[in-house]
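For reference, the chains in residue letters:
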Amino acid sequence: MITTNTDSQKNEKIVTINCQFLNQMKLGSEFNATACINCGTCTAICPMEINLLPRQLFRYVLIGAEEKVLENVNNIYSCLLCRMCEENCPAGVHIAENVRSLRTYINREVYGLSRS
Amino acid sequence: MPVPIGNTLGIFSDNIVRRRSILPLSTKRITHWSNGFSLPHGGSTILYTGQMYQLIPFINSMSHQLGKFEDSWITRFFGIGRFFNKMLNLTKFMAFPSSKEKAAYDQPIRNIVECLHKAGSEFGYLYEHDYYSGALAYDEGLDDAFKRHAKFVYNVWKEHNVKTLITIDPHTTNIVRSIYPHYIEDFDIEVKNYMEILAENPPPVVQHLHETVTVHDPCLYARSESIVEQPRKLLRNIGIEVQETELSGALANCCGGPLESLFPKKSLLIAKKRVDQLLDCASTIITSCPICMANLKRVTPETHSVHDISEYLVKSYSPDFK
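From first to last, the protein sequence lines are chains A and B. In terms of the numbering used here, the first sequence has 72 at position 72, counting the first letter as 1, and numbering is strictly consecutive. Offset between the second sequence (1-based) and the numbering used here: plus 1000.
These are calculated hints, taken from the structure and not from any lab test. Cβ atoms here follow ideal geometry from the backbone N, Cα and C, with glycine treated the same way. You may find that some hints are simply not true.
What the hints assert, rightly or not - Quick partial rundown of chain A residues pointing at chain B, CB under 10 Å, derived from the structure:
(1) Cys36
(2) Pro47
(3) Met48
(4) Arg83
(5) Asn107
(6) Arg108
(7) Val110
(8) Gly112
(9) Ser114
As the list claims (entries may be wrong) - From the derived model, a few chain B residues whose C-beta atoms are all more than 10 Å from chain A:
(10) Leu1039
(11) Ala1104
(12) Ala1119
(13) Tyr1127
(14) Phe1152
(15) Val1156
(16) Lys1158
(17) His1210
(18) Thr1212
(19) Asp1276
Based on the sequences and whatever the hints tell you, model everything.
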């Protein structure tokens, strides 16, 4: 576990990096957002409007900020998986599949739903 | 307090694993629509409903209950509910749709079968083995439960020597055609949607219908399965004029239906937005997905209407069919 202070003036900006989470998302799932260019098309076009911020969520995953991801649980399960964002993503990121991968992670690791 | 996500998904997961559906229905309910058709039991080509149309009245009823619980103290007891649901199917006591509503969602399946017969298609049905596809489990990321369930359903088809499935809704079409092959090694069953079959070989038109409608494209047909032109071709062929919204085809907005289990209120807001877009074009909305139909109907004013495409097709190909 690595703790990084992104702004020495403000403690609330401390981000905890969870390497285990990072590896699990990289190796154990279909998650892939490295092509994301952070353009914001997905947010602009989302029928859920500003509530969902895939690009922000994906940045948290890419740096292993599990806590930040888990702060967004309601947003992750609010995604309609309608793929409107994917249809318009200039970088061809599989946004819906990435969101689904996050649900799978949360179901297993937070809700313990793999053993039912 | 919103509907508790973990416990609600836990109930769905337990139901899929123990009872082979998110909301287990009796065989009588699942197959009730088939009364009077005498479809052969099995065969190399079968109609696979995936239980989607049959489930909607129960999902509607349950969403209505969940909508009442959303933001209430009752949500604290969902964990206890999940515990008891493992032993006894509690979801059975949460959904009481009326006979009228059940019949309304059986009718599109009957219409589709009649249209396929008019097109000369021959197929059977697996009756008590017409299992749920696992679509919601997949969407909610319940991968472990979904994987087990998909293998079970696929093995049932293989035991019955099924070579081709005819699917009738976007969720089932997408899950068995595009998702199962990723989870099942050597998946080798052909999957055809009924609108693809009808568009390739349309039945003779007995009655032309002179109406103007607008079409709501279900997300999965439009953006995953490339079923956009087929419904329009079928409607034009029977004399219907289609007024397009700006956001149609690959750019169609979602009906909000996928949120109804966990966020019933948000789901209605999305539906309202979509209905407003559609009603700017025509007062009649046509769709081809039971989830879209249910969600759009909830917010459509009484002066306007939402219909399954099969209602129009059967009226044209077989006007006396009931």
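Each hint, compared with the structure:
1. Cys36: With Cβ-Cβ at 19 Å, over 10 Å, it is violated.
2. Pro47: The hint holds - A:Pro47 has a Cβ within 10 Å of chain B, the shortest such distance being about 5 Å.
3. Met48: This hint holds: A:Met48 lies near chain B, its Cβ roughly 7 Å from the closest one there, short of 10 Å.
4. Arg83: holds (4 Å)
5. Asn107: holds (5 Å)
6. Arg108: holds (7 Å)
7. Val110: holds (7 Å)
8. Gly112: Holds - the Cβ of A:Gly112 comes within 10 Å of chain B, reaching about 8 Å at its closest.
9. Ser114: Holds, about 4 Å.
10. Leu1039: holds (33 Å)
11. Ala1104: Per Cβ check, B:Ala1104 is outside 10 Å of chain A; nearest 25 Å; holds.
12. Ala1119: About 30 Å separates B:Ala1119 from the closest Cβ of chain A, which puts it past 10 Å; holds.
13. Tyr1127: B:Tyr1127 clear of chain A: closest Cβ-Cβ about 28 Å, beyond 10 Å.
14. Phe1152: Correct as stated: the minimum Cβ-Cβ distance to chain A is 15 Å, above 10 Å.
15. Val1156: holds (21 Å)
16. Lys1158: holds (26 Å)
17. His1210: holds (33 Å)
18. Thr1212: Given that every Cβ of chain A is farther than 10 Å from that of B:Thr1212, nearest at about 26 Å, it holds.
19. Asp1276: At roughly 12 Å from the nearest Cβ of chain A, B:Asp1276 sits farther out than 10 Å, so the non-interface label holds.
Hint 1 from the list above is the single one not met by this structure.
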